[in-house]
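The sequence shown: position 178 = 178 (our numbering), numbered continuously.
Derived from the structure by calculation, the hints contain no laboratory data. The C-beta atom is built at its ideal place from N, Cα and C for all residues, glycine as well. A few of these clues could be false.
Heads up, simulated SDA-like pairs for lysine to any residue below, C-alpha to C-alpha not over 20 Å straight-line [stated by the list, open to error]:
#, residue 1, residue 2
1, Lys308, Asp226
2, Lys189, Thr163
3, Lys281, Asp222
4, Lys281, Val340
5, Lys180, Cys139
6, Lys9, Glu102
7, Lys111, Ala65
8, Lys327, Gly313
9, Lys281, Pro296
10, Lys270, Leu249
11, Lys314, Val275
12, Lys308, Ser272
Between beta-carbon pairs, the in silico distance windows are [to be verified]:
#, residue 1, residue 2, range
13, Ser272, Cys139, 24 to 34 Å
14, Glu121, Ser234, 18 to 28 Å
15, Thr215, Glu102, 26 to 36 Å
16, Asp183, Leu4, 36 to 46 Å
17, Ala265, Glu121, 21 to 31 Å
18, Ser174, Ser234, 34 to 44 Å
19, Asp256, Asp183, 11 to 21 Å
20, Gly202, Thr71, 24 to 34 Å
21, Leu56, Ala15, 15 to 25 Å
22, Gly335, Val115, 16 to 26 Å
23, Gly202, Asn37, 45 to 55 Å
24, Asp183, Ser255, 22 to 32 Å
25, Glu167, Asn85, 46 to 56 Å
26, Thr212, Gly18, 44 to 54 Å
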Amino acid sequence: NALLGANFKLTIAGAEIGTATSETDGYVYFYNIPVSNAAGNKLYNDTDEVKITETLAPAGYMLPADTDVYTSTFADVYVTYKHTNPIADKTLAETVTVNGDELTVVNVQKKGAIVIRKQDEDGAPLNRAVFKLYSDRDCTVEVATATTGVTGEDGVARFTDLTFGKEYYLKEYSAPAGYKINDSVVTIKIGTTPGAAEAVDGTGAYVYTYNTSLTDDYDNKDITVDKRNLTDDSKVAGAELAIYKSDELGNFSESDQVAAFETTATGNLKLSVGVTGSGAKLVYGQYYVLKEVVTPFGYETAAAVVFKVGTDGKIEIISGTTTQDGKKNAQTVTGDTGLVLYDDISLGSIEVTKK
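All chains, full assembly: derive it from the sequences and hints.
Here is the structure:
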């Protein structure tokens, strides 16, 4: 593609004779250069060096490794490119050739890339974090890019083909399930912000790649487990409950116990839920069984309840909401963040108080 705005200078015998800038057609024109006096004598020696040098590349492009894009002797130039009368139309000037081919100067385009690595508090990569790239500091104007900002299993997302010299603002748009969004904004000006890895990519572009990382904190939730009287909904004390990791059908082994507690007449059990490794008591999406191990005197033992907790902190009961004879056995409360297990009074049992 033709490039506008590249600056060149022409020197003969080390002296600058003129400067020119590439035009919209990509051509650079040096013309009507005096090479002899009125008497027809040459102004330079035949062995004097003639050079064309690129001094400034167009915005967003690299100078060539050798900025002296053309070197010859005055004798050769004089023979090939001289003309007797000045030309009014610069496009009629002779085209400079090298070994029979038109002299062409290639400027490699500068581009940018931002590579973001998403990790948890322990440094493990996080999949499915979504990032967006913005052109304003307030992160309201999203930059259209050809690449996605979603991290893969390696925790990495890439934004490529970014404009050299432009400032970008990177921000997390949504966090993986079980994690909190990191509200930090990363500001990078391509080519100016330090720390870029510089290399030519497969397309021939000179790319400034910025590697950065952000950490998402665990987003643990809390649920409660309670024991109540089916008749009057009062709290039942003295029931020993246990929670086991299980499958969807409620199959478990005693070694899979994750919590055990005794109910009181005033309180309930609070359990944290989070992703694996977060330190929470329960894991999002895992099936569990709530089982009454010891039943208080005067009550019937509740049926086991299979449940799981979503990343929104809401409890889903899989089975065990009713007993075999149709009585209410369990339900969720408090916006599905609490689980209540019911005990029915055992018929045929009486409690006698002697005073």
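Going down the list of hints, with the structure as the test:
1. Lys308 - Asp226: The hint holds at about 16 Å.
2. Lys189 - Thr163: 9 Å, holds
3. Lys281 - Asp222: Holds: Lys281 and Asp222 sit about 10 Å apart, inside 20 Å.
4. Lys281 - Val340: 18 Å, holds
5. Lys180 - Cys139: Status holds; Cα separation ~19 Å.
6. Lys9 - Glu102: 18 Å, holds
7. Lys111 - Ala65: 17 Å, holds
8. Lys327 - Gly313: 27 Å, violated
9. Lys281 - Pro296: 26 Å, violated
10. Lys270 - Leu249: 24 Å, violated
11. Lys314 - Val275: Measuring from Cα to Cα gives roughly 14 Å; hence the hint holds.
12. Lys308 - Ser272: 13 Å, holds
13. Ser272 - Cys139: 24 to 34 Å: At 32 Å between Cβs, range holds.
14. Glu121 - Ser234: 18 to 28 Å: 41 Å, violated
15. Thr215 - Glu102: 26 to 36 Å: 55 Å, violated
16. Asp183 - Leu4: 36 to 46 Å: Given range 36 to 46 Å: holds, Cβ gap about 42 Å.
17. Ala265 - Glu121: 21 to 31 Å: 38 Å, violated
18. Ser174 - Ser234: 34 to 44 Å: Check passed, 43 Å falls within 34 to 44 Å.
19. Asp256 - Asp183: 11 to 21 Å: The hint (11 to 21 Å, Cβ to Cβ) is violated, given that Asp256 and Asp183 are roughly 38 Å apart.
20. Gly202 - Thr71: 24 to 34 Å: 31 Å, holds
21. Leu56 - Ala15: 15 to 25 Å: Holds, at about 20 Å.
22. Gly335 - Val115: 16 to 26 Å: Given about 40 Å between the Cβ atoms, the range is violated.
23. Gly202 - Asn37: 45 to 55 Å: 54 Å, holds
24. Asp183 - Ser255: 22 to 32 Å: Once the Cβ atoms are compared, 41 Å apart, the range 22 to 32 Å for Ser255 and Asp183 is violated.
25. Glu167 - Asn85: 46 to 56 Å: Holds, since Glu167 and Asn85 (Cβ atoms, about 52 Å apart) stay within the stated range.
26. Thr212 - Gly18: 44 to 54 Å: With a Cβ separation near 46 Å, Thr212 and Gly18 satisfy 44 to 54 Å, so the hint holds.
Going down the numbered hints, you'll see the structure goes against 8, 9, 10, 14, 15, 17, 19, 22, 24, while the others check out.
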